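Kindly generate the complete structure, drawing on both the sequences and the hints.
Just so we're aligned, residue 1 is where the sequence shown starts under this note's numbering, counting upward by one.
It is worth saying that the hints were derived from the structure and are not from the lab. Keep in mind it's a predicted model, so treat the numbers as computed, not measured. Cβ coordinates follow ideal geometry from the N, Cα and C atoms, glycine included. Treat the hints with care, since some could be wrong.
Calculated cross-link-like contacts (lysine to aspartate or glutamate; reagent style EDC-like; alpha-carbon spacing at most 20 Å) [unchecked claim]:
1. 168 with 147
2. 56 with 37
3. 212 with 150
4. 56 with 116
5. 212 with 160
6. 168 with 116
7. 212 with 139
8. 56 with 40
9. 168 with 150
10. 46 with 58
11. 168 with 157
12. 168 with 184
13. 56 with 132
14. 56 with 133
15. 168 with 204
16. 168 with 139
17. 212 with 157
18. 46 with 36
19. 46 with 19
20. 56 with 88
21. 56 with 19
22. 212 with 88
23. 168 with 201
Cβ-Cβ distance ranges computed for the label pairs, FRET-style [stated by the list, open to error]:
24. 132 with 184: 31 to 39 Å
25. 13 with 159: 47 to 55 Å
26. 169 with 47: 30 to 38 Å
27. 36 with 159: 47 to 55 Å
28. 154 with 45: 56 to 64 Å
29. 155 with 184: 38 to 46 Å
30. 74 with 182: 32 to 40 Å
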Amino acid sequence: MRQHVRPGAGPGGRQAVLEAAALAFTRNGYTATSIDDIADVLVATKGRVYHYYRSKLDIFLDVMISGMRELTERVGPVAGDLRLGPTERLRQMARIHATLMMTRHSFQRVAVQGIEMHLAGSLRPRQRRTWDEIIAMRDRYEQLFADVVEAGQGSGEFRETPARLATKPLLGALNWTTIWYRPEEVQQEGAGPAVQRIADELAEFVVGGLRKVPDT
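Pasting the structure below:
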């Protein structure tokens, strides 16, 4: 996976820039965010940002890559754990996904909403290649869920809806968490328990929507 870091820039500093940028993009949106805004969140000069990245768009693409990679690395092992039945696998996958939507809110909001942005016309060739890879990452990630849904249909646990089609609203419901979730509000009741409770309820909700209804 390509990343748009300047040669010689260390990974630790780059990650700090990405953390600051994800927060700035979440607060202001992509268009309204400037390199100065990212530097302000970083509590540094914009020269430090430019030390690692050539442009705001390069940073934005790398935030998206980081968000997508984190989802895949966390959810992928569960998707492939054949010791679990399809229903339990899907429940755990949905729970992890929902949890990351909250605990990594800024990165995941950028990753979710960035896919919907019409950036193609503003991309340079190397950025276009990265964009295509991001879309491919998204498709592979969705396929993890579709494969488990299909397995559940084969075992009679889930309704016979085309698996890829069923995956779209499932992930859509989980991804919508990035819109309504407010980390600062949850902090008031204790972030850990609140996040776990919300993730559990969302996972049960989306899995329940796929369960096969017994014949009456």
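- [ ] State the violated hints by number, sorted upward, taking the hints as numbered earlier in the document.
- [x] Violated hints: 7, 12, 20, 26, 30; rest satisfied.
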